[in-house]
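Go ahead and model the full structure; you've got the sequences and the hints to work with.
These protein sequence lines are chains A and B, in that order.
Those letters in the first sequence? Residues 5 to 282, by the numbering used here.
Those letters in the second sequence? Residues 324 to 551, by the numbering used here.
Source of the hints: derived by calculation from the structure; they are not laboratory data.
The reader is advised that the hints may include incorrect statements.
Only part of the chain A face toward chain B is listed, based on derived beta-carbon distances under 10 Å [said to hold, decoys possible]:
1. Thr22
2. Gly123
3. Asp175
4. Arg177
5. Tyr178
6. Glu180
7. Leu181
8. Gln191
9. Arg195
10. Trp276
All C-beta atoms in this analysis are idealised placements derived from N, C-alpha and C, irrespective of residue type, glycine included.
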Amino acid sequence: MNAHSGEIRPAPQLVAPTGRPVPLGPGKPGRYGHLLGPALLLLYWAVLSATGWLDPRTLPAPWTAISTGADLVREGRLQANLAVSAARAASGLLVGGVAGVLLAFLSGLSLLGGYLIDGIVQLKRGIPILAIIPFMILWFGIGEPMKIAVIAVAAFFPIYIQTHSALRAIDLRYVELAETLGLTRWQFLRRIVIPGALPGFLLGLRFGATAAWLALVVIEQLNASSGIGYMVTLARNYAQTDVMLVGLVVYALLGFGTDNLVRWAERRLLTWRRTLGR
Amino acid sequence: MSVAAVRIRDLKRVFTLKGVLDGVDLDIAPGEFVALLGRSGSGKSTLLRALAGIDHEAEGTGEIALPRKSAVIFQDARLLPWLRVLDNILLGQPGEARLRALQALEEVGLAGRELAWPHELSGGEQQRVALARALVREPALLLADEPFGALDALTRIQMHDLLRRLSERHKPAVLLVTHDIDEALALADRIVMLDGGRISADLQVPGRADRTLIALQRKRLLQMLGVS
Numbered sequence: 005m006n007a008h009s010g011e012i013r014p015a016p017q018l019v020a021p022t023g024r025p026v027p028l029g030p031g032k033p034g035r036y037g038h039l040l041g042p043a044l045l046l047l048y049w050a051v052l053s054a055t056g057w058l059d060p061r062t063l064p065a066p067w068t069a070i071s072t073g074a075d076l077v078r079e080g081r082l083q084a085n086l087a088v089s090a091a092r093a094a095s096g097l098l099v100g101g102v103a104g105v106l107l108a109f110l111s112g113l114s115l116l117g118g119y120l121i122d123g124i125v126q127l128k129r130g131i132p133i134l135a136i137i138p139f140m141i142l143w144f145g146i147g148e149p150m151k152i153a154v155i156a157v158a159a160f161f162p163i164y165i166q167t168h169s170a171l172r173a174i175d176l177r178y179v180e181l182a183e184t185l186g187l188t189r190w191q192f193l194r195r196i197v198i199p200g201a202l203p204g205f206l207l208g209l210r211f212g213a214t215a216a217w218l219a220l221v222v223i224e225q226l227n228a229s230s231g232i233g234y235m236v237t238l239a240r241n242y243a244q245t246d247v248m249l250v251g252l253v254v255y256a257l258l259g260f261g262t263d264n265l266v267r268w269a270e271r272r273l274l275t276w277r278r279t280l281g282r
Numbered sequence: 324m325s326v327a328a329v330r331i332r333d334l335k336r337v338f339t340l341k342g343v344l345d346g347v348d349l350d351i352a353p354g355e356f357v358a359l360l361g362r363s364g365s366g367k368s369t370l371l372r373a374l375a376g377i378d379h380e381a382e383g384t385g386e387i388a389l390p391r392k393s394a395v396i397f398q399d400a401r402l403l404p405w406l407r408v409l410d411n412i413l414l415g416q417p418g419e420a421r422l423r424a425l426q427a428l429e430e431v432g433l434a435g436r437e438l439a440w441p442h443e444l445s446g447g448e449q450q451r452v453a454l455a456r457a458l459v460r461e462p463a464l465l466l467a468d469e470p471f472g473a474l475d476a477l478t479r480i481q482m483h484d485l486l487r488r489l490s491e492r493h494k495p496a497v498l499l500v501t502h503d504i505d506e507a508l509a510l511a512d513r514i515v516m517l518d519g520g521r522i523s524a525d526l527q528v529p530g531r532a533d534r535t536l537i538a539l540q541r542k543r544l545l546q547m548l549g550v551s
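Written out as structure tokens, the structure reads:
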């Protein structure tokens, strides 16, 4: 601009920028947004049932599931079976989890441990859990120990694998730091290794809990005289679709509840983390 | 020069990947601030890692004598993300060091931030915490590997002032690895130049008040580094 020319030029016309970037991200999530899908599905199901399009023998109406559930609770069958199933899943998860963490630390922190353990685990990982059930029955019989062993094996793998890979991913720079600070082996373990592996362990625990429920269903429908799976199998024999449906709903709630419990623990234990997911 | 705080004799290091030391002799007096200058690949980081005892992957011979208490500052602050600032400073220290840790935090200008998480701090603040973590150990030798290399220019100047004040107050022997001639001239009593794994020059820094002498020194150092 020439200040000496003396002429006053009009300001150039300002226009709204046309090439403004269109936001391409998904936008800000609402608080209960993730409930939309399930709610629509429930609505669809309710409408089909109410109009008679859906034969109750194929799939009972949602309210039938609720009233049957209430009946089962009144009779005490649901609680009793649920308690048995939950105890099985919890003991299996505990045994598998403790073994998974111990072996992950042994193979992640010592060379020899890695050579001995990790190869075997990776090999065994290729065998589906269903395929080992016959052997489990052979070794442990058909009682409770077999059921807990199958659940423990199912829960073991994700917990071992996630914890182990988190251990292996601990930054070497932190190891150098620990050396220059003169940390003892125990301090190194407590301050660096365990917190470093915790996110991996919790992720493994989420997968492990899901695997435990899955194994529980299989094992209870195969051979049991109590538990939710037994209740469902029995109902199938008498064609009680409503009781079968209650079993499914209970499984869904248990899986969902367990996952939320572990995620809650994650939020409490990993406050130091700054991630997109929160 | 009185009895040495640091004594290095005929130090040799060979790495498979990079960095070589080919017979380094160096003494650092107690309280002396030495800057180790050199181009990248000259072996300056190799020397520092050898002194810090974290060069497990290196083969080598030679003799190193160091004070019992030493501390290392890295180029990155290297704070553990899962520990709050105070716990980072206290890492590996007995519980009764807590008061000293709070003092150190105050000395680096971060009083009141002891409960912050590392990710809540800026890069310069994180490096200050690393400095406090070194201070709380009351080191007789401070090893610093390009500690300000990752900071912006303004923060770097502030950090220079801070490090100079702290080293004048606590008087550790300092070995500062840097490739920045101005940083070396601003901070050090003595500049040691490393070239091809050997010490190629060893100069006292003239009093910082004398600007012409400093400028001359700067020119000489640039020439030695092959920049002119």
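Check your understanding: Measuring from the C-beta of arginine 177 of chain A to each C-beta in chain B, is the shortest one below 10 Å?
Key -> holds, 6 Å
Exercise for review: Using Cβ atoms only, decide whether tryptophan 276 of chain A comes closer than 10 Å to chain B, and label the hint accordingly.
Suggested key: holds, 5 Å
Point to revise | Interface restraint verdict for glutamate 180 of chain A against chain B (beta-carbon cut-off 10 Å) | key: Holds, because the Cβ-Cβ distance from glutamate 180 of chain A to chain B comes to roughly 5 Å (cut-off 10 Å).
Practice item. Under 10 Å, Cβ to Cβ, is where arginine 195 of chain A needs to be relative to chain B, so tell me if that hint holds or is violated. Key: holds, 6 Å
**Study point:** Status of the hint placing glutamine 191 of chain A at chain B (closest C-beta pair under 10 Å)
**Key:** holds, 6 Å
Review point. With 10 Å as the cut and Cβ atoms as the points, is aspartate 175 of chain A at the interface with chain B?
Key: Since chain B brings a Cβ to about 9 Å from aspartate 175 of chain A, closer than 10 Å, the hint holds.
**Study point:** Interface hint outcome for leucine 181 of chain A [beta carbon to chain B under 10 Å]
**Key:** holds, 5 Å
Exercise for review: Double-check glycine 123 of chain A for me: the hint is only fine if its C-beta lies closer than 10 Å to a C-beta in chain B.
Suggested key: It is violated, given that the least Cβ distance between glycine 123 of chain A and chain B is near 25 Å, above 10 Å.
Review point. Is the shortest C-beta separation between threonine 22 of chain A and chain B less than 10 Å?
Key: Hint violated; threonine 22 of chain A Cβ to chain B Cβ min 36 Å, cut 10 Å.
Review point. Do the numbers back the hint for tyrosine 178 of chain A, that is, is its least Cβ distance to chain B under 10 Å?
Key: With Cβ-Cβ at 7 Å, under 10 Å, it holds.
Violation of the numbered hints given earlier is confined to hints 1 and 2; the remaining hints are satisfied by the structure.
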